[in-house]
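**Student:** Starting from the known structure of chain A, fit chain B onto it as the hints suggest.
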Amino acid sequence: MREPIIPTRSREQIAADNRAELDGWIEERAADFAAGGMAPEAARRRALKEFGDADGATQYGARQDVAGDRRLRVRFWIEELGSDLRIAARTLARTPTVTAVVLLTFAVGVGSTTAVFSIVHAMFLRRLPYGAEQTLVYLPAADNGVIRPGLGGGRHSAAALVALRERTRSFSGIAGAEQGNIILTVNGEPEQVTAVALTPDGFDVLQARAAIGRTFGAREESGPASQVVVLLDGLWRRRFGGDSGAVGRTIESSEGPVGIIGVMPPGFRVPTYEQAEVLMPRDLAPLLRNANNSQIRFLRLFARLKPGVSGETARGDVDRAMGTLRTDFPRSFAGIDTRVMPIRTAVVGDAKPRLLILMGAAGFVLLIACANVAGILLSRAIARRHELSVRVALGAGRGRLIRQFLAEGAVLAALGAGLGLLVAQLGIGVLRHTATAALPAGTTFALEPLVAFFAVGASVATAVASALVPALGATRALGVALRTDDGRVSPSHTNRRMRLGLVAGQLTVSVVLLVGAGLLLRTLQRLSSLDLGYTTEQALTFRLQFTRPHSPAEQDAFWASLYEQLRGIPGVLTVGGGNIPTSGQSTVTGLAIEGRPAENGRLPDVRYTPASDDYFAALGIPIVRGRTFTAGDQDGAPPVAVISAGLAQQLWPGGGAIGARVRPDPGKAWSTVVGVVGDVRMGAADAPQPSIYTSQRQDRWPGGGAVVIRTVADPEAVSAGIRQVVHRVDPSLPIIGLRTLEEFRRSTPAVAERRLQMQLMLLFAFVALAVSAVGVYGVSAYAMEARRREFGIRLALGAPRRRVLWLALRDGVSVAALGGFVGVPLAVLLASRLRDLLYSVGPFDPLKIGVVLGTLLLVVMAASIVPARRATLIDPAQTMRTE
Amino acid sequence: MTAPSERLQGTVDVLILKTLAWKPMHGYAIAKFLADTSRGELTVEGAALYQGLHRLERKGLIRSRWGTSDTKRRVRIYDLTPKGRAQLVAEADGWKRHAAAVARVLAVRDAHA
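So the protein sequences, as listed, match chains A and B.
Those letters in the first sequence? Residues 129 to 1011, by the working numbering.
Those letters in the second sequence? Residues 35 to 147, by the working numbering.
No more than 20 Å apart at the CA atoms, straight line, and that leaves these computed lysine to aspartate or glutamate pairs for EDC-like:
| id | chain 1 | residue 1 | chain 2 | residue 2 |
| --- | --- | --- | --- | --- |
| 1 | B | K52 | B | E125 |
| 2 | B | K66 | A | D181 |
| 3 | B | K57 | B | E125 |
| 4 | B | K117 | A | E207 |
| 5 | B | K117 | A | D197 |
| 6 | B | K66 | A | E155 |
Sample of chain A residues facing chain B (criterion: CB under 8 Å; computed from the structure):
| id | residue |
| --- | --- |
| 7 | G152 |
| 8 | W153 |
| 9 | D181 |
| 10 | A182 |
| 11 | Y188 |
| 12 | Q192 |
| 13 | D193 |
| 14 | A195 |
Everything labelled a hint here was simulated from the structure, so no lab data went into it.
Backbone N, C-alpha and C define an ideal beta-carbon position, used for all residues, glycine too.
Only chain A is shown next, with the shape it has when bound in the complex (with noise of 0.2 Å):
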């Protein structure tokens, strides 16, 4: 029992009653005085005196009667409020099932949301570990206006760092970073580990120290001293146990004995960098030393503004150095420009548009669960319709009625949160398995307190605004049906019409999604049939590095025992040695042309490795002309290349490559072109890269080198074979990443971002769809059930039962229609914007959007036919006779 509402009184209220309260005091005791016998004027006069302080006590009444009254509102507030909550949660458990449905969708859409937005915090809001961000630059180098894509993109040489580091004036420091491998042996276990070598002045700018022990210097940039590592924190912990003793211990590596100084803290990568475990001193002396080196870029540069100066005026200075440059150096620097880029840009890279289409889609997942929620609390709110209007006959304001819908959004929106929660980890769980690819490396993402904060923001938001759409509706529908009611109603055009165009949206916004993933999945199709220039089925790859130097003999002995030993191992078809296209550890080199100076000063940028006499038979690369390499071709006979036939096309287009003699390593002696091979991809969207290729018997790289096998059938199978034969050739070898062309091939960035794209955004279109499904039911049913009456008497008027399941179905096809009428050209504009995602595939597809509106008219028939069908077998005479 609930006391009555107690109406609460205005400032001025307050005052008048206290005045006349007050007032009849006065007048009373003044009644009294007179009484005895007292002059009315007298005793009014004898009654204020003996009163006291009238002005102060009627002030300080008025205070008291201001706090109380507030107190009073606030707690009849929390009292109809806990009731509030109470009729919601009970009457959203008389309906469970309807409210299980409602609230998985609600938690979907929050999950996914949450999930795919902690990638976002991720990248874009967590603080980035190199001091202050906006003074930290990265200086990309860009040919002809285009930084590069892939490995070698942006890097610059040895001679552009030192030049820059003369020329401008903007920075505190210029650092050069690059990428190698070393391996570390570590309590007599050899591993292969990513390391950036690392100009010394590199923790300055980066404004990095060590957690434990101290960084690199400048007097350990070159000789013996340099012989030392500073390790990144997962490494000290994965191999060193987090024991700090570590510091000051010397390992082996493939660069000989080295030093371990220091540890760096936890969070602290290398820029662009970060799957490196260690850093190593970089000198750069004798590069320097050699003014044909000045071609070979390596190096990735970053710099810390000086106080005081903007990225404008940076790029400014930046600008005026490169074209001095150009001037004085054309042959180094011609077509060669470095941009200013903030340090977060450059993590992230192009990252950006990728996750905010998927942010995107979750965002719409959860409009669309956001819509049914509100179709949900509508329906209700119609079936509560006398509840309802007897509650404002009863004087409760529209603000109550509202106020009711929102305590059932809250109950939601708890609930909500809860599963959304519980969601959002399953699926940070699975983005863990198979995100990692499409993000930037060593992108780490959890359910951290601020992502926890959105997702509980984020339901509160959706439950709020699904509330508020019923509420705002059903109550101005109200209005009008209290006076119009005749108690049995056809339910008002608005509700219906809102309910409609709530259902018409979600199977829009599903269209949309629909089409989006239509676009990348044929975007995947046509990468992964692209020709690359090789065959990758059936075939295998895996790397080596020494773990200590092999002189040249040493390597072609054993370069020739390991093929040898490979080649007998049953299932093997074809053994060659070389680096596979999409690797990545090709070098791209400039090539000079014996006789023919550089174009604008500038040499032909090719890819450049060495290759056994037969990669090309293991890689199923085609020779176009001429010949591969032979076993004549080791030391002591002519050095030969063989080149790709886009190379070939390039440099002698009317035929003649051929005899041609070319240098693609400035310091090594001229190579005759034997012959011309097929071009191939670096990646499954770049274009074919001209390459060239030297016979690995007379051009070595010290370091160690990759091997490609051709298997007769699963190449699996060999794999055990091919560890045995390596271990029995060399013990100490680790073999790094061993597994099939096809594995390497989807892996490639280029065809796993999209990959994962496409796949989170066809389940985000699939949860779409379903929970669109969930309201296109929910309007049919009812639709069903508010025309009853109509359609029993329809069927009592001889309407055959065809015509009436029709009418039932009626809305639910228009409002499909509609979803694909609109949804469709939105989907073809949005999806021309997104043509950076796309690999020729055009924004409008007329199969695939038939495709997808077929799905969605087959989705609706499915969802209402159920309730269709029931119209058809309503009972006329059992309406004629309730009528």
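**Tutor:** Only chain B this time, still in chain A's reference frame:
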């Protein structure tokens, strides 16, 4: 800004509560009741009483409504809330103990004299 001292406030409050425990009354009736029951010994200034009433209402110990007095005037009639009744029991005990303690102290001094 007249802020009655706390001890005076406490005394006025407990007197109001005790009076209203008898029956609901309006302000002036409470003043008369106090003067009558204490045989003129206890006179509370009107202003203090008035303030006490509003203070107690703010605290939720009493509540008020507009009514008609015996003399047919429109007056604000105050009544104890359950919370006020509980407060009165607690305070009355305190006051009695206090009074008894004072009385004992006075008795001791008399014996020595």
